[in-house]
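Q: Here's the letter readout for the chains.
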Amino acid sequence: MNLNYSDEQNMLRDQVLKFCETNYDFTDREKILDSDVGYSPDNWKQFAELGWLAVPFSEDNGGFNFGPIELTVMFEEFGKSLVVEPYLSSVVMSGTILENSNYAAKQELLESIIAGEQHVSVAYAEANIGYNFLDCVTTLDGQGNELTLNGSKTIVLNATNSSQFIVLAKHADSLALVLINKDTSGLEIQNFKTLDGQTCGELTFENLSLTADAVIASGEEAIALFNQMIEVATLCISAEAVGAMTASYQKTVQYTKEREQFSQPISNFQVLQHRMVDMFIETEITKSLLIKATLQLDSNDSEATKTISALKVQVGKAGKFIGQQAVQLHGGMGVSNEMSIGHYLKRFTVIDSMFGNTQHHINKYSTL
Amino acid sequence: MDISFSEQDLQFQEEIRSGLINDFPAHVREKQQKGESLSKSDMIDFHKFLYEKNWAGYNWPVEFGGTGWSPVQIYLFLNELAAAQCPTILPFGLSMVGPVIYTFGNQEQKDRFLPDILQFNTWWCQGYSEPGSGSDLASLKTKAVLDGDHYIVNGAKTWTTLAQNADWIFCLVRTETTQKKQEGISFLLIDMNTPGIEVKPIITIDGDHEVNTVFFTDVKVPADQLIGEEGKGWTYAKFLLAHERFGIAGVPVCKVQVAKLKEKTAAYKDADLNKKIAELEIDLMALEFTELRTLAAIAKGGHPGAESSILKIRGTEIQQRISELFVEAAGQYILPYEGPEGFESNKNPAGPDYASTSVAHYLNFRKTSIYGGSNEIQKNIIAKAILGV
Numbered sequence: 000m001n002l003n004y005s006d007e008q009n010m011l012r013d014q015v016l017k018f019c020e021t022n023y024d025f026t027d028r029e030k031i032l033d034s035d036v037g038y039s040p041d042n043w044k045q046f047a048e049l050g051w052l053a054v055p056f057s058e059d060n061g062g063f064n065f066g067p068i069e070l071t072v073m074f075e076e077f078g079k080s081l082v083v084e085p086y087l088s089s090v091v092m093s094g095t096i097l098e099n100s101n102y103a104a105k106q107e108l109l110e111s112i113i114a115g116e117q118h119v120s121v122a123y124a125e126a127n128i129g130y131n132f133l134d135c136v137t138t139l140d141g142q143g144n145e146l147t148l149n150g151s152k153t154i155v156l157n158a159t160n161s162s163q164f165i166v167l168a169k170h171a172d173s174l175a176l177v178l179i180n181k182d183t184s185g186l187e188i189q190n191f192k193t194l195d196g197q198t199c200g201e202l203t204f205e206n207l208s209l210t211a212d213a214v215i216a217s218g219e220e221a222i223a224l225f226n227q228m229i230e231v232a233t234l235c236i237s238a239e240a241v242g243a244m245t246a247s248y249q250k251t252v253q254y255t256k257e258r259e260q261f262s263q264p265i266s267n268f269q270v271l272q273h274r275m276v277d278m279f280i281e282t283e284i285t286k287s288l289l290i291k292a293t294l295q296l297d298s299n300d301s302e303a304t305k306t307i308s309a310l311k312v313q314v315g316k317a318g319k320f321i322g323q324q325a326v327q328l329h330g331g332m333g334v335s336n337e338m339s340i341g342h343y344l345k346r347f348t349v350i351d352s353m354f355g356n357t358q359h360h361i362n363k364y365s366t367l
Numbered sequence: 000m001d002i003s004f005s006e007q008d009l010q011f012q013e014e015i016r017s018g019l020i021n022d023f024p025a026h027v028r029e030k031q032q033k034g035e036s037l038s039k040s041d042m043i044d045f046h047k048f049l050y051e052k053n054w055a056g057y058n059w060p061v062e063f064g065g066t067g068w069s070p071v072q073i074y075l076f077l078n079e080l081a082a083a084q085c086p087t088i089l090p091f092g093l094s095m096v097g098p099v100i101y102t103f104g105n106q107e108q109k110d111r112f113l114p115d116i117l118q119f120n121t122w123w124c125q126g127y128s129e130p131g132s133g134s135d136l137a138s139l140k141t142k143a144v145l146d147g148d149h150y151i152v153n154g155a156k157t158w159t160t161l162a163q164n165a166d167w168i169f170c171l172v173r174t175e176t177t178q179k180k181q182e183g184i185s186f187l188l189i190d191m192n193t194p195g196i197e198v199k200p201i202i203t204i205d206g207d208h209e210v211n212t213v214f215f216t217d218v219k220v221p222a223d224q225l226i227g228e229e230g231k232g233w234t235y236a237k238f239l240l241a242h243e244r245f246g247i248a249g250v251p252v253c254k255v256q257v258a259k260l261k262e263k264t265a266a267y268k269d270a271d272l273n274k275k276i277a278e279l280e281i282d283l284m285a286l287e288f289t290e291l292r293t294l295a296a297i298a299k300g301g302h303p304g305a306e307s308s309i310l311k312i313r314g315t316e317i318q319q320r321i322s323e324l325f326v327e328a329a330g331q332y333i334l335p336y337e338g339p340e341g342f343e344s345n346k347n348p349a350g351p352d353y354a355s356t357s358v359a360h361y362l363n364f365r366k367t368s369i370y371g372g373s374n375e376i377q378k379n380i381i382a383k384a385i386l387g388v
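Sequence lines, in order, name chains A and B.
The numbering of the first sequence is numbering that gives the first Met the number 0, which starts it at 0 and goes up by one.
The numbering of the second sequence is numbering that gives the first Met the number 0, which starts it at 0 and goes up by one.
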């Protein structure tokens, strides 16, 4: 039993922290979100130069051979500053599927992701299946080099910037993961802003023709790759939530020390002190489950799936509580869009909604 | 980072487990399994068993007769004890006054008191709270005046757990009236058989006699029973509170309780109850790992400060929630109440077998968020020490 981060992991944390302190105050972030692409290509270039885009990949694929621990370290720091660069969709989601697949063209693809040359998004959600992503309606028909894709996907993160998509589709009584280019005929893309200012898209496939080399995986392999990706992605946004929780309670403590009412800092009031203690405790409790889930995933523990569901439940509940109370203790300023604090609440709301919300994971936990 | 226990730790765990299977007194085990309350002699038998296994000083250094176990070993030990349905080890001697004596006492005091604490030849109780001093402990008024080679003690201590069984009491007493109320406090050991001590029961809302008020009227206490220096009692008391309070969260017992709750209610197929149990399990899992994080920090040489307040708050909240769920699951069958004397009729009333004990436990466990520094006081500690407000 050793719960200490290694020197290397601590250095990575410091590096991300320093980057965010220098490049990512709230006004910087606002400007980035207002831009056409909704993220900063300059930042993305720096991510590539710093080697961050290579973090989870094996050395064979041009990566650092790091794993869940390093990813959560980075995401915790991202969460503190509400970083919007599409690390989750390109590196974590697409990257995890490709890295673990037997896809022939994966190396070339991963190299371009690591170099920051292109974005790839995973298309998994649909209109009428809720969180049961494997029950998808989008279908890949045919065989060999005569494949046809029909259907539609929604909430495809960063779709507007992605040059390729990994699509989960029903195929021959099972499932398949296929890679499609954004310029393929038969693909239509509608872009939307997310509630926290990021971007997502809806993809519609109409008799979209594909050849065999588009199939990343099929059958049991596709399902295993997909489930693994969802677990890693859930872990990452949970780490992001822990970072956002830390920032939320710390900003709230700071604000109540500065804000004076009734001729004294409002942090003198015990009811506010205890509320902030509750926010702190929820943060620490969430961090505990995060570390447990991270280490279990890192060691391929069979209990990891259950712990990740537990983590997602705690992230949902604690994020809601901390986000709401941070707004409450900021008073009117808390609901002002100009203050950062309300944007944490938006991010908590987004995070709870992704990859299964609190209720979904309570039910899932009960069945495991 | 690595989540697994070492080979040695797993071997240690196995030794504890088989030691419990082979030697844990059968009559105590039987009562524990039935949920019956233990007598004074049962408790003494249990603690003597720990001593005979060389486990009594589980959190003491080797030089004072302890095991010298690592934090991980202590954690595993307490887990195994709970899993085998052992009673909770009484903290007053082994976790409270013992460490104060071996840290601040003189050689004579160590020789005189420590072996009896380990062997459970003496039953200790704690004289901290007073009728007028609860959360504001330092306002205590029980007075000790030095008269030659004796202190004369007058005053009252209250909420004294199991004082009716105790041979000795360790007390915070006021030896001087100072401007700063913390400064005039001293730490005194008092034989419960000394003339002038009267123990008066307090019956709690579950009908049980667990706590007492202890009155002191001109009690003569030999001056060599003062620990450390006069006026430094508050420092020792704080040491005691901040002392590595293993198991403060009560996780191992909670795990056993939740397993029992699931077993007893599985047949109901009550989706609403099952959802609450799932949420409880998740919170317990998070608490257990929080405790492990604290443990890891201690193993690295750190001291759990205000963080142990998290364990106290969360642990007691979860303990209380478990007790509430048992009552909820039992429904109307909690009404026929089995007091400390048993049911009036010889026949057990209808309803699940856990109904009566669960409601007694529920009422009794309201104490957990109040004792040991109420949860509100714990929040004050975190606010001040960690948040800096």
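I should point out that these hints are in silico values taken from the structure, not numbers from a laboratory.
Computed from a prediction, not measured in an experiment: that's the story for all the values here.
Glycine included, C-beta positions come from ideal geometry on N, C-alpha and C.
Mixed in with the good hints, there may be bad ones.
[Stated by the list, open to error] Listed next, with one range per pair, are the computed distances between beta-carbon atoms:
{"no.": "1", "chain 1": "B", "residue 1": "G147", "chain 2": "A", "residue 2": "Q253", "range": "53 to 59 Å"}
{"no.": "2", "chain 1": "B", "residue 1": "P348", "chain 2": "A", "residue 2": "G66", "range": "22 to 28 Å"}
{"no.": "3", "chain 1": "A", "residue 1": "L16", "chain 2": "B", "residue 2": "E262", "range": "23 to 29 Å"}
{"no.": "4", "chain 1": "A", "residue 1": "D212", "chain 2": "B", "residue 2": "G387", "range": "58 to 64 Å"}
{"no.": "5", "chain 1": "A", "residue 1": "A47", "chain 2": "B", "residue 2": "K237", "range": "49 to 55 Å"}
{"no.": "6", "chain 1": "B", "residue 1": "G387", "chain 2": "A", "residue 2": "L16", "range": "41 to 47 Å"}
{"no.": "7", "chain 1": "A", "residue 1": "D41", "chain 2": "B", "residue 2": "E375", "range": "46 to 52 Å"}
{"no.": "8", "chain 1": "A", "residue 1": "Q260", "chain 2": "B", "residue 2": "P114", "range": "55 to 61 Å"}
{"no.": "9", "chain 1": "B", "residue 1": "S134", "chain 2": "A", "residue 2": "D41", "range": "53 to 59 Å"}
{"no.": "10", "chain 1": "A", "residue 1": "G66", "chain 2": "B", "residue 2": "G387", "range": "42 to 48 Å"}
{"no.": "11", "chain 1": "A", "residue 1": "R258", "chain 2": "B", "residue 2": "F238", "range": "34 to 40 Å"}
Q: Compare the structure with each hint and give your call.
A: Verification of the hints:
1. G147(B) and Q253(A) have their C-beta atoms about 58 Å apart, which keeps the hinted 53 to 59 Å range intact.
2. The hinted window of 22 to 28 Å between P348(B) and G66(A) is violated, with their beta carbons roughly 57 Å apart.
3. At roughly 47 Å, the beta carbons of L16(A) and E262(B) sit outside the given window of 23 to 29 Å.
4. Our hint of 58 to 64 Å for D212(A) and G387(B) holds, since their Cβ atoms are close to 60 Å apart.
5. The given range of 49 to 55 Å is respected by A47(A) and K237(B), whose C-beta atoms sit roughly 53 Å from each other.
6. Checked against the hint of 41 to 47 Å, the pair G387(B) and L16(A) fails, with Cβ atoms roughly 21 Å apart.
7. As the Cβ distance of D41(A) to E375(B) is approximately 50 Å, the hint placing it in 46 to 52 Å holds.
8. In this structure the supplied range 55 to 61 Å holds for Q260(A) paired with P114(B), their Cβ-Cβ distance being about 60 Å.
9. Taking the beta carbon of each, S134(B) and D41(A) are about 55 Å apart, inside 53 to 59 Å as hinted.
10. Between G66(A) and G387(B) the C-beta distance comes to about 36 Å, which lies outside the given range of 42 to 48 Å.
11. Under the hint 34 to 40 Å, the C-beta atoms of R258(A) and F238(B), about 37 Å apart, fit the expected range.
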